[in-house]
Amino acid sequence: MRRPPRDLSERALAFWLLLPAFALLGLVAVYPVLNLVFTSLRELHLAYGPQSTFVGLANYERLLEDGRFANALRVTLLVTLVTVPGAALLGLVLALLANLPYTVKWPVRLGLLLPWAMPLVFAGLIFRWFFESDYGVVNDVLRRLGLTPLFWLSDPRLAFWAICASVIWKTSSFVALVLLAGLQSIPKEYYEAAQVDGANPWQAFHRITLPLLAPSLFVALIFRTITALQTFDIPYAMTGGGPGNATETLAMYIRTQTVENLNFGYGSAMAVALFVLCMATTALYLRFLQRGEGE
Amino acid sequence: MRGTAPFRLGLWLAGLALVFNGLFPALWILFTSLKTEAELSRIPITYWPERPTLANYERAFREAPLGRYFLNSLVVAAGATVLCVTVSAMAAYALARLRVARATLVLLSLVALAMFPPATLLVPLYQLFTGLGLRNTYPGLILPHAALSLPVAVLVLYSFFRTIPRDLEAAALVDGCTRIGALRHVIIPLSGPGVFTAALLAFVNSWDEFLLALTLNPAREMRTLPVGITLYQGEYLFPWPLISAALVVALVPVALVIALFQERIVAGLTQGALKG
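Protein sequences appear in the order of chains A and B.
For the first sequence, my numbering assigns the number 1 to the initial residue and increments by one for each residue that follows.
For the second sequence, my numbering assigns the number 1 to the initial residue and increments by one for each residue that follows.
Derived from the structure by calculation, the hints contain no laboratory data.
Please note that the accuracy of each hint is not assured.
Derived CB-CB ranges, DEER-like [stated by the list, open to error]:
{"no.": "1", "chain 1": "A", "residue 1": "Trp161", "chain 2": "B", "residue 2": "Leu13", "range": "24 to 32 Å"}
{"no.": "2", "chain 1": "B", "residue 1": "Pro65", "chain 2": "A", "residue 2": "Gly244", "range": "30 to 38 Å"}
{"no.": "3", "chain 1": "A", "residue 1": "Tyr31", "chain 2": "B", "residue 2": "Leu231", "range": "24 to 32 Å"}
{"no.": "4", "chain 1": "B", "residue 1": "Gly10", "chain 2": "A", "residue 2": "Gly244", "range": "40 to 48 Å"}
{"no.": "5", "chain 1": "B", "residue 1": "Gly133", "chain 2": "A", "residue 2": "Leu145", "range": "55 to 63 Å"}
{"no.": "6", "chain 1": "A", "residue 1": "Phe151", "chain 2": "B", "residue 2": "Leu13", "range": "28 to 36 Å"}
{"no.": "7", "chain 1": "A", "residue 1": "Ser154", "chain 2": "B", "residue 2": "Phe261", "range": "36 to 44 Å"}
{"no.": "8", "chain 1": "B", "residue 1": "Ile43", "chain 2": "A", "residue 2": "Phe54", "range": "54 to 62 Å"}
{"no.": "9", "chain 1": "A", "residue 1": "Pro85", "chain 2": "B", "residue 2": "Pro65", "range": "37 to 45 Å"}
{"no.": "10", "chain 1": "B", "residue 1": "Gly192", "chain 2": "A", "residue 2": "Leu77", "range": "39 to 47 Å"}
{"no.": "11", "chain 1": "B", "residue 1": "Val75", "chain 2": "A", "residue 2": "Leu57", "range": "36 to 44 Å"}
{"no.": "12", "chain 1": "A", "residue 1": "Leu212", "chain 2": "B", "residue 2": "Leu27", "range": "31 to 39 Å"}
Over 10 Å on every C-beta distance to chain A, these chain B residues come out as not near it, computed from the model [unchecked claim]:
{"no.": "13", "residue": "Leu168"}
{"no.": "14", "residue": "Cys177"}
{"no.": "15", "residue": "Arg184"}
Note that beta-carbon positions come from the ideal geometry of N, C-alpha and C, so glycine has one too.
Just chain B, same shape as in the assembly (with noise of 0.2 Å):
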């Protein structure tokens, strides 16, 4: 039945069904951002550009700072990152390799106490980041957004390193190696993949947060690329074109590392979702 054409034209459907869901919403946005204002208050609407112009993009950088969001971004998705994966990497190892009581119960606290809804942080977070004055500043977003994805990185890093085989670690012992030794020669050379994995995700989460950084960061120069975007719109229009423009830099990195990860993040996600 394999081999049959009925069967490679289904399976051809069905597979451009699903690309389609999946991308036709970007596909959209990415051919709204090269066409003219004039294309774009046409009625009906056109799919394909006529007149494809950059013209969009460079009003998205130089009509607000795009290039400063993007920072933003940047550097708070990154120092989230490796807040949380080295946060987590250590706590992950002790847990799976180190003889903690209830190692168990204290993974799930771990777990349990970073899934706090954002949303019901939002008020202590406000008035704590306002007293320490952490609101407006990178630190005041990178410390929430590294908490965020502390247990996506446990979960995968802690089922990751039960993978490595204890007698690894064993010999290293026995060769005279301290236990600091042992995580420094064994344990952390073999630990890359894990790592990766665990950092591709918090990457991702921190890049993607919109409510937190809407309300910690608000100020112009401090915004993230998902409230900067946001906020371009006024009370009462909605500038599509420069939006577009905007959406398709802040989304080019994301499909850019996906392009590049997917077997990892696959990998991570359900890791992370699937074993405790």
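Looking at chain A on its own, in the form it has when it is part of the complex (with noise of 0.2 Å):
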């Protein structure tokens, strides 16, 4: 019979306990965005004065003729085709090996997880060393397996495989993590009763962990898709966008012509568009998640 009144005060408690979230979240991501889109919109150069004028769509139509844009939206865009299904790759092999019936497990997980835990920029810093052309430990072992050292970071074409290399070393250990979880929720028995019919280790491997790993290695897809897109401080560290503006991906352009070239107007249109990218590719796993939770 106290229903009623409790009810409201359950509802009023949980709106105040919403709030500081939203509000956080009001304060550095929906205003911003909003901001954003607004600022896209006009021309805003603070290099020139604090004035803004009404441009229109003007910034967007100039993004269709900017080469350097196009060249950071196709880094980009090859970084993500390149890394993601490469850190997949690795991932689940890492997963598959860390899943085996070891006695002492912490190396193991030491050596998952301090990839995963290391500044993304941190192991850009220590990947420039390793291609360093002289003191670098992959010429060096290239040098004694008697083959040609190479130019790594200094030629564009070898220094995105470089930047590729290192992106999906730092990113496989996060697939892995979250892969292993996946494995080890797979029930012992059905691997008993495959090799009961008779299946090698391929067929269960094929018919049973793929299959039943799905669920988790699209979530980590999804995942590594968003972050992909919006590759900053491995090439940072790594070669500073060069070449030239070789290995520039959209993040890096965004920040020269916001922050350094303080340029904000056309600076947001292309935050725009990266946002674009980046939701769509959200939309995608809420959709996922969102179909997951039928239970």
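Dock chain to chain to rebuild the complex, using the hints, since each chain is given by itself in its own frame.
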């Protein structure tokens, strides 16, 4: 009989508990994005003063003619296309290795967690060394094998691959951790039954592991795709976008246009483009989550 | 098959390959940081330091305010963690335990909002924080870092709160506790592990973040570790000895946290990523 008033207070309590989260996100996510869209429709170049004028879609039209933007978009998409499957594959191998029945588990965990927890930019700095032409580990190995050392970071094409390799190393650990959880949730009985039926290990992997791992793999892939589209730290640390602008990603170009050139209007249009790209990917992910919500 | 020699050898090799893949870059940096300048500029390169020295560490602290960077990272990460976990726990509790209209939708929108890409928030946050005088201040990084970690914290805490039996709370209410009282006497004491996991993930997120820190707090005395160490490099020279020593200093806490709390981190990561 005391139900209605308690219900009301429960709702009020829920409201007050949710408010801070939305306030925080309002300040540092929602307002900025609205502001971003607004700024992208204006000419605002702080180097020439604080005044801004409404220019409609002019900034977006300029994007279409900007070769450097086209290149940054191309690099970003290529990095995504190479590193997402790359990290998924290496991550899968690592997860399968980590799932073996070790008696001492902590070194394996450390081997997975340290790359995950290392700041991206540190991985970039370390790999910059790995690929250094005189003192780098990669060329040292090439020399010892009797091969010609290469100028990894000063050749545009090689620099791209060096960056991709570094991103794959750094991000595969996250994929592996997610997949490992997926692997461990597969009931052992399935494999025992398969063994009784005379399945070989490859058949067991193909028929049991892969299908049951699919949801985890999908989640990891989407997460990775969203972060790959925003690649910044590793190329920034390894090549600074060079040689020339050969390895400049969208996130890097946005930062150069805005924070360095103070061209906020144009930079904002670019950021809106990246935002749309990322949100489209996130929408895909949320749809997947919602479908899984049926339980 | 389990006990056979080839199987055990294979197991060893597999484990070794995994550990090597994960640890080699970090170990290489550690060895590099212990080498003398002379040894570092020799070809072919050496792997194991011939005459280990701590000179690079001394220089790394002397020539750049590495201690200050460390402190900045600590303050920002701790602040972001406390803010993020507090705000997330409140929201997650409301969503998991109270009657909220369209709770799933609210949860998803919280997560989606917090997933706005940092690269696109750069321009407006730069303008907003310049206007508010928050650039090159601790709160100016704590706020966005807390928001960045919000999705994983909310998801971890949400799934954790749902594992606490409702009966415990109901019993407290019957015993005359208020909602807040039940929260304080039942939920909060039981929330330790969930809160701790969310806090770990938020801390690592903030400790690692680079792009926003670089843009919003570039002043020398306000740099976090990733920013400070990356900006060691001049235009043309790349001071390896200094950077390697600084990297080791910055990675030690990360490695320690991992070594101590591996299980929690793994559990939290998978909860945050897989459960909705």
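Cross-check of the supplied hints:
1. Taken as a hint, the range 24 to 32 Å holds for the pair Trp161 (chain A) and Leu13 (chain B), whose Cβ atoms sit roughly 27 Å apart.
2. Judged by the Cβ atoms, the range 30 to 38 Å given for Pro65 (chain B) and Gly244 (chain A) holds: they are separated by roughly 34 Å.
3. Taking the beta carbon of each, Tyr31 (chain A) and Leu231 (chain B) are about 29 Å apart, inside 24 to 32 Å as hinted.
4. Between Gly10 (chain B) and Gly244 (chain A), the C-beta spacing of about 47 Å keeps the proposed range 40 to 48 Å intact.
5. In this structure the hint that Gly133 (chain B) and Leu145 (chain A) lie 55 to 63 Å apart at CB holds, the actual value being about 57 Å.
6. At roughly 34 Å, the beta-carbon separation of Phe151 (chain A) and Leu13 (chain B) lies within the given 28 to 36 Å, and the hint holds.
7. Take Ser154 (chain A) and Phe261 (chain B): their Cβ atoms lie about 41 Å apart, and the range 36 to 44 Å holds.
8. Under the hint 54 to 62 Å, the C-beta atoms of Ile43 (chain B) and Phe54 (chain A), about 59 Å apart, fit the expected range.
9. Separation of Pro85 (chain A) from Pro65 (chain B) is about 42 Å and conforms to the stated range, judged on CB atoms against 37 to 45 Å.
10. The hinted window of 39 to 47 Å between Gly192 (chain B) and Leu77 (chain A) holds, with their beta carbons roughly 44 Å apart.
11. For Val75 (chain B) paired with Leu57 (chain A), a C-beta distance near 43 Å keeps the hint of 36 to 44 Å intact.
12. The hint said 31 to 39 Å for the Cβ distance between Leu212 (chain A) and Leu27 (chain B), and at roughly 35 Å that hint holds.
13. With a cut of 10 Å on Cβ distances, Leu168 (chain B) stays outside the contact zone with chain A, its closest approach being about 17 Å.
14. Once the 10 Å rule is applied to beta carbons, Cys177 (chain B) is consistent with being away from chain A; the minimum gap is 12 Å.
15. Arg184 (chain B), annotated as away from the interface, keeps every beta carbon of chain A farther than 10 Å; the closest lies near 13 Å.
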